[in-house]
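Chemist: Keeping the supplied structure of chain A fixed, place chains B, C and D upon it in accordance with the hints.
Protein chains in written order, with the working numbering: chain A, 6 to 143; chain B, 6 to 143; chain C, 6 to 143; chain D, 6 to 143.
It is worth saying that the hints were derived from the structure and are not from the lab.
Keep in mind that the hints are not guaranteed to be accurate.
Pairs involving identical chains hold if they fit within one copy or between any two copies, as the list cannot separate such chains.
[Said to hold, decoys possible] Straight-line Cα separation of at most 25 Å, DSS-like style, residue types lysine-lysine; simulated pairs: (1) Lys71 to Lys90; (2) Lys122 to Lys74; (3) Lys90 to Lys122; (4) Lys137 to Lys74; (5) Lys71 to Lys122; (6) Lys122 to Lys137; (7) Lys90 to Lys137.
This structure is a prediction, so every number in the text was calculated from the model and none was measured.
Number of protein chains: 4
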Amino acid sequence: MTTLANYPLHQTVQTRWHDNDIYGHVNNVVYYSYFDSVVNRYLIEEGGLDIHNGEVVGFVVESQCKYLKPLAYPEPVTAGLRVGKLGNSSVRYELGLFNAAGELCAEGYFIHVFVNKASNTPTPIPEGIRSKLTLLVV
Amino acid sequence: MTTLANYPLHQTVQTRWHDNDIYGHVNNVVYYSYFDSVVNRYLIEEGGLDIHNGEVVGFVVESQCKYLKPLAYPEPVTAGLRVGKLGNSSVRYELGLFNAAGELCAEGYFIHVFVNKASNTPTPIPEGIRSKLTLLVV
Amino acid sequence: MTTLANYPLHQTVQTRWHDNDIYGHVNNVVYYSYFDSVVNRYLIEEGGLDIHNGEVVGFVVESQCKYLKPLAYPEPVTAGLRVGKLGNSSVRYELGLFNAAGELCAEGYFIHVFVNKASNTPTPIPEGIRSKLTLLVV
Amino acid sequence: MTTLANYPLHQTVQTRWHDNDIYGHVNNVVYYSYFDSVVNRYLIEEGGLDIHNGEVVGFVVESQCKYLKPLAYPEPVTAGLRVGKLGNSSVRYELGLFNAAGELCAEGYFIHVFVNKASNTPTPIPEGIRSKLTLLVV
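Isolated chain A, as found in the complex (with noise of 0.2 Å):
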C-alpha cells in the first residue's frame, strides 16, 4: 500500500472553494494544478528556479493521474513527491495526494523538459535544481 512514507518529501496544499464542482467534490483536472504548485515551489524555493527571468524554462510534455477517492474543499491535503527518473535534460515527477486520515487519494505523474528560451532547445538541467532533485530520487 503506498503510504505517505513511499515519498521524500511532503507538502501541504490548501484546498479551495471553487476547486470543488457541481458533484461536490475536487474537479479532477484541479488534482494538476497541486502537482504543479507542489513541484515549481520546490524548484523555486529549493532549487533557485527563476519564473520571471531565468534563461531556462520546464515544460511540462506529458501528465497523469488515478483518481482514487474523492477530495473536497475545505478540507487540506498532503502531497508527497518523488522523482521517478532523472535525467540530462528531463524529470520525472511522481506525487500522491492524501485526505487527513493519510490515505492515498490520488496518484500521477509529470515530466518536464527543461528548455532554453532564448533557442527553444532542451537543454541540461541546471546544476542548483539537479541537486535537489536528486535528493528525491526513490
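Modeler: What follows is chains B, C and D alone, placed relative to chain A:
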C-alpha cells in the same frame, strides 16, 4: 493606513503556480477566489454551513476588488476578513490581502444573500452562522 | 432596461464544465475571467496589443460585478462591451453578460492602467489601441 | 500522423486570457478542462445527461495528456473526440487538440465510471448516453 489589525479574522492563503498570469503576477480574477475560499471556510468550519446537503446557500450578488500592489506565486498571502454589514438575510464581507511584508496589496468585498434552496427565495441567515458573523462586525 | 443594444461590441463566451460550482451555477469568480478574456481579445486582435513581447502592459487596478441571474454551463453567454471612460493612460471597460434569452445576467467593469514594463510607470495608451477603444466609447 | 479526421466528433474550444501561464502558453492543467468540457457538452446536449438532478454521474478515474506543441490564448482550438473503449459502466474518451493550422498539439484520454448517486456504486451507462457514445467508437 489599513493593516491586518483592521480585520478581526486572519487566514493564510496558499498561492498556486497558475495563479500567476503571463505578466508574472497573480491574475486579477484569482483574488476573488481567495475571497470566496476564506469566507466559505469560516462559514463551514465555524458557522456550520453544509455546502453538500444544507437547505440554505449563500449566493453572491455583488463583488469588488481594488488592486494596490502585485502578488505572485509562490509567496504566501495573509487575508483579513471583517463583516461590514450584517442584515437579516444578507451580509457584506470586507477583505484585505497582505504580502509577507505586511503591506496591503488588495482590498475588496462581496455580498452574500442567503437563499432557501427549495423555494429559491431569501431566507434569514441561520443562527449558527449569524452568531459567528457577529464576531467579525466592525 | 439594459440590453445588448447598450453595448457596441458583442462577443460569444463559451462556458466550461468547471465554470459551475457546487451550487450548479457559474461561480462568481469566473465572470471576471469572461471580462478579462473579452477585453484582451479585442485589444490583441483589433488593437495590436502584443502580450508576449510588447513594451506596454495593461494592469487591472479595480474591478466590480453585480450578479442578477445565474448562468450555467453548457449554455453559451453573450458579452457586451463598451468603454465608460477613456483617459490618457487608463480605461474603464463596462461589460454585460447575457443569456440565450437575451436577459442581462451580470454587469460589471474593470479599469486598466497601461504601464511601461521596463520603467513600471504609467504610459499613454498606445495609438493602435486607443483608436479601437474610441470606437467603443458611449 | 494523427489528424482531425481520426476523430468522429469535432468541437471548437474558446481559449481564455488566463489559460496562458507565466511562460505565455496554455498551462498544462488547462488542457484537461478542455477535455472535460468537450465531453460533458456532448453527454448533456446529445446524451441527455442531467448534471443538476440526474441519478447518475460520471466520475473520472484516470486521465492523461501528452503535449506536443504549445497553444496560446487568444487562438481558437479544435478538439477531436472519439471513444476508445465502451464498457458496461465505464467509457474511455480519447481527445486530440488541434491549432488553427490543423496541427495536433496535444492528445490525451480520460475514463469515466458512471455511478448511481444514491448508492455510490457503478451503474450501467444510461441508454440515451450509450447510444450516442456508440457513434464515437472507433
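Chemist: Which hint numbers does the structure go against, in order from smallest to largest?
Modeler: 4
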